[in-house]
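**Q** Residue numbers (the numbering used here), protein chains in the order written: chain A, 1151 to 1703; chain B, 1151 to 1703.
No lab work stands behind these hints: they were computed from the structure. Some hints could be false.
Reference excerpt, derived from the structure (chain B facing chain A, CB under 7 Å, subset only) [what the hints assert, rightly or not]:
| no. | residue |
| --- | --- |
| 1 | Ser1177 |
| 2 | Lys1197 |
| 3 | Asp1201 |
| 4 | Ala1518 |
| 5 | Ser1669 |
| 6 | Ala1691 |
| 7 | Asn1692 |
We treat Cβ as the ideally placed atom computed from N, Cα and C, and that holds for glycine.
Number of protein chains: 2
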Amino acid sequence: MAHPLFDKHKPTLDAALGALRTRGFWSPYLEIPSPKVYGETAAADGKAAFDAWLGKRFELDQPGITGWAAPERSPFGVELGVSYPVCDAQALIDAATATMPAWRKLGPEGRVGVCLEVLARINARSFEMSHAVMLTTGQGWVMAFQAGGPHAQDRALEAVTTAWREMAEVPPEATWEKPQGKNPPLVMRKQFEIVGRGVALVIGCGTFPTWNTYPGLFAALATGNPVIVKPHPNAILPAAISVKIIREVLAENGIDPNVVTLAVSEDPAVTQRLATHPAVTTIDFTGSNAFGQWLMDNARQATLYAEMAGVNTVMIESTDNYKGLLRNMAFTLSLYSGQMCTTTQAILVPAAGISTPEGQVPFDQVAADLGAAIDKFLSDPATALGVLGAVQSEATLRRIESAPSLGKVVLASRALENPEFPKANVRTPLLLSCDAADEAAWMEERFGPISFVVKVADAAAGVKLAERVVREKGAITLGLYSTNADVVDDMTEASLRAGVALSLNLTSGVFVNQSAGFSDYHATGANPAANASYTDAAFIANRFRVVQRRWHV
Amino acid sequence: MAHPLFDKHKPTLDAALGALRTRGFWSPYLEIPSPKVYGETAAADGKAAFDAWLGKRFELDQPGITGWAAPERSPFGVELGVSYPVCDAQALIDAATATMPAWRKLGPEGRVGVCLEVLARINARSFEMSHAVMLTTGQGWVMAFQAGGPHAQDRALEAVTTAWREMAEVPPEATWEKPQGKNPPLVMRKQFEIVGRGVALVIGCGTFPTWNTYPGLFAALATGNPVIVKPHPNAILPAAISVKIIREVLAENGIDPNVVTLAVSEDPAVTQRLATHPAVTTIDFTGSNAFGQWLMDNARQATLYAEMAGVNTVMIESTDNYKGLLRNMAFTLSLYSGQMCTTTQAILVPAAGISTPEGQVPFDQVAADLGAAIDKFLSDPATALGVLGAVQSEATLRRIESAPSLGKVVLASRALENPEFPKANVRTPLLLSCDAADEAAWMEERFGPISFVVKVADAAAGVKLAERVVREKGAITLGLYSTNADVVDDMTEASLRAGVALSLNLTSGVFVNQSAGFSDYHATGANPAANASYTDAAFIANRFRVVQRRWHV
């Protein structure tokens, strides 16, 4: 029995199923913030809707409210003043648990229908969301619109689509008829019911409060689990708006809105209490290695999907488009001041330099050229401010300050003034160079706009080192620039052994730190940077169980 | 590029895909040990092939052989005298690791083709396997043929089929073309490669050395992982024959046979060393809660699929076929002397008795009638010996001896003589009765032919108790006899909440302890008896990763 919301959104679901099977370019949520797509007044309406949240209580009718908290501090220096209800952890768990039977009974079609309706509404509010993402994370506005809006919605739809695909493989019922020779057959009727595993906890990060939260949230929801969303204390508003939309759609459809709740707290102990609660069966986490390891060690009652830190690496061996290479890498290193889990940190260059159409370029010159390319790219203030955004955390500011001692400074980080947001913390990338042997410097994650041009003996040593970095430190992205087929083959084999996605010779409008919904797998789950990939079958299939019953007919 | 073995077995794979989607009755491996199916001389040839293994070395050309061991002691008292190579654990790990790149490169079609060829050959040797399973496990011959042969092969084929289905969702390559308005589109070529997670370890049990070993073994293999098979020290031969067949097929196809090796040891420390080795990424385990918990606590580098102990429960509330009920349960409790992970241990009966077409039957009478039904069913010695088989372990013999003190003896266990195997340890079921409050007696797993008729206040109390047993102790099977729709609904809801498969009113030729390949999910993974189900998507999808590469075209 189909659900009206399932029928309503079935064309989107069918197209998404096809897209995941072919992995070409596809997105139903357009990334262009255009009035033609989103409506003539969408930009102004969205800004007004965002402004309306500021300086007041964000009302959510959740159980166990014990107080209100307003922990967000904008990297742009803007006073947000939004306060959120703080709820008792046990009350949230109890409320979530109570919703399970009805959420299960809604069935895969009903749950998927609800999720798709939610996504359509979230998409319609992409302008509002863009400001919420921008001002809590420090992303520039265009990026906040795209990554925080349509791109995040794409990943959510991927999760729902994969969930549907996996659930649809389980028939709701079957007739089993076993021949018995000359005797009548044995006949049984069987029913197979998809059952969520329990309460899911989704722990968000401070830099991508929707993009990294939606996959786990919607994967858990679609497969029958109630979800408690625990946003990073500095990026609550995007999660809160999302949760409010979900709760509205649930309530409109006669479902207890406590299927999804928001857990706000600045105290890690509260997150730890939630994470180790026996009722919590699944945790999606994006954040530091330290807290990820704590979850692995302590939240052992739950299945953990964790995306943590790594040392993303690019090797430059040779190129047929040196200028394109430099432009491409300058953008990668500048975008959102390098505060992406996919930003390149280590740039391996052979000691003898690299081969280019303009001739062999020595190691030091490659470093200098890259520094100059960054400088040139950021020479236009409007471009610079739009691309860099602001630095999200104090810790990253401190890292930038102390990092110059880690190597030879190729390009110093500069603080930029942002006329629109005078208190914004804007920093340009810091580029250092060092020897491969200085592992303590370049082979630890230095989150933020800090990169190293690392001198390796030769291409073979670089491939070997890149593989070791991925294996030991983890990585979400690996890049190679080479016109040499043998080097490409060697690095490809290394990427397969180490388990990391490889981008080859990016010299135009695709960047190593970007992954496209419905096409690129984000992380592999095969190296220490993440134990799962958005949003493959492994990310989905273990979130539900099949419980059967059978009887003779 | 398809593989010849994939093409050869594609019709079987296609039929299996269809069977898993509809979950009606289907099996390509016929369970009837008939000369018409398996060949006129198959029975004699199989027996001769089995006999040829006895009293000598089982040659396996594996690396790191340090000695030979012959630990098997037949429950039928037969001298087996097969000795197996004992290999250095690190040598097995190293050899397995070295096979990974070539096994990966064979691709999903090649690996699935190899697996299907292996299964066809194992099927052709079902008679040989039946004797190996019978004489190592104590299963009666018909059961050893069916459960150790075709039914185990069915579960293996399920695993391969689900693996194929999940891998086939990942396209090997894609063209990604993103429009850029009036500018030329961004175009990328992408390749997506399926990569196994690492060395897989499959730890077998003493009672079902093929049925419980094949799902993990073939799931891991098909998805690109080399496998080390560690059989139970008392049931090595069925695993060794299986491993030898796999190695033959691998070698014939130019693949290093060390993709699959056999690890023989009586020393748990060796298994522990393998299980905690950093190269081991996946463990399939069937066995005790104690060792399962040890693996959870210590083998944390690996993903664990564990099937352990539980307290399987049936509630009898009412029936429209009391005789059928008694016959059905008598068979269930007798089959393989109750040494199945699915055998009922607790039979909940309301204090006021049960409603039947012959009137209300009081509690004590239900217990007595069930005891009498078992006694009657086993009154024919040929039937009794064939169904009971022999008791697999000394521990189970001791449990039978000490169990009478746990309750009121309804039917005592008897030792039977087996003329064909004079030294066989044959025991009839022990049936006790007790009060629900005697939880220390009936609510711990008593593996073997030991069951309890448990007095509960009423049907509602019984449903509540059944749910608690499943939640706290785990269960693979739950049964209910009731003609009352409300009681059926209540127990159905309880089964969904607790996560256990429910069989309703089995009074003919299907038994609560049997699960049919391609139709029934074996275990749910949702209660403490097992954290996974044979052989659903969750059992498969986390065994491989997708590693991509992309470049502009």
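**Q** Next step is simple, just say for each hint if it's right about the structure.
**A** Going down the list of hints, with the structure as the test:
1. Ser1177: violated, 9 Å
2. Lys1197: Nearest chain A Cβ about 25 Å off; hint violated.
3. Asp1201: violated, 31 Å
4. Ala1518: violated, 26 Å
5. Ser1669: holds, 5 Å
6. Ala1691: Cβ of alanine 1691 (chain B) sits 4 Å from chain A, so the hint holds.
7. Asn1692: Holds: closest Cβ of chain A sits about 4 Å from asparagine 1692 (chain B), inside 7 Å.
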